[in-house]
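Novice: Throw the hints in and build the complete structure from the sequences for me.
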Amino acid sequence: TDDYCYNIVENPVHIREMNATILHTLGIDHERLSFKYQGLDQRLTGVEDARIITEILA
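Sequential numbering from 1 applies to the sequence shown in my numbering.
Please note: incorrect hints may appear among the correct ones.
[Stated by the list, open to error] Simulated DEER-style distance windows between Cβ atoms:
| # | residue 1 | residue 2 | range |
| --- | --- | --- | --- |
| 1 | 29 | 3 | 32 to 42 Å |
| 2 | 27 | 2 | 33 to 43 Å |
| 3 | 4 | 40 | 10 to 20 Å |
| 4 | 32 | 3 | 17 to 27 Å |
It is worth saying that the hints were derived from the structure and are not from the lab.
We put the beta carbon where it would ideally sit given N, CA and C, even for glycine.
Specialist: If you want it as structure tokens, here you go:
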């Protein structure tokens, strides 16, 4: 981030990619995990593609 921690300077990620990475470390397939909300199946990572951020994994 910048000096004021306000703007992303390098390697920006979307929250759905962070969620996909967390689910991956827990051994859960983020594309298959769904839950019911108002009668519809929802996914934590949404319907768009979400990549797993391998750069932050050891």
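Novice: Each hint needs a verdict: does it hold in this structure or not?
Specialist: Verification of the hints:
1. 29 with 3: 32 to 42 Å: Given range 32 to 42 Å: holds, Cβ gap about 39 Å.
2. 27 with 2: 33 to 43 Å: At 36 Å between Cβs, range holds.
3. 4 with 40: 10 to 20 Å: 40 Å, violated
4. 32 with 3: 17 to 27 Å: Cβ of residue 32 to Cβ of residue 3: about 41 Å, so the range 17 to 27 Å is violated.
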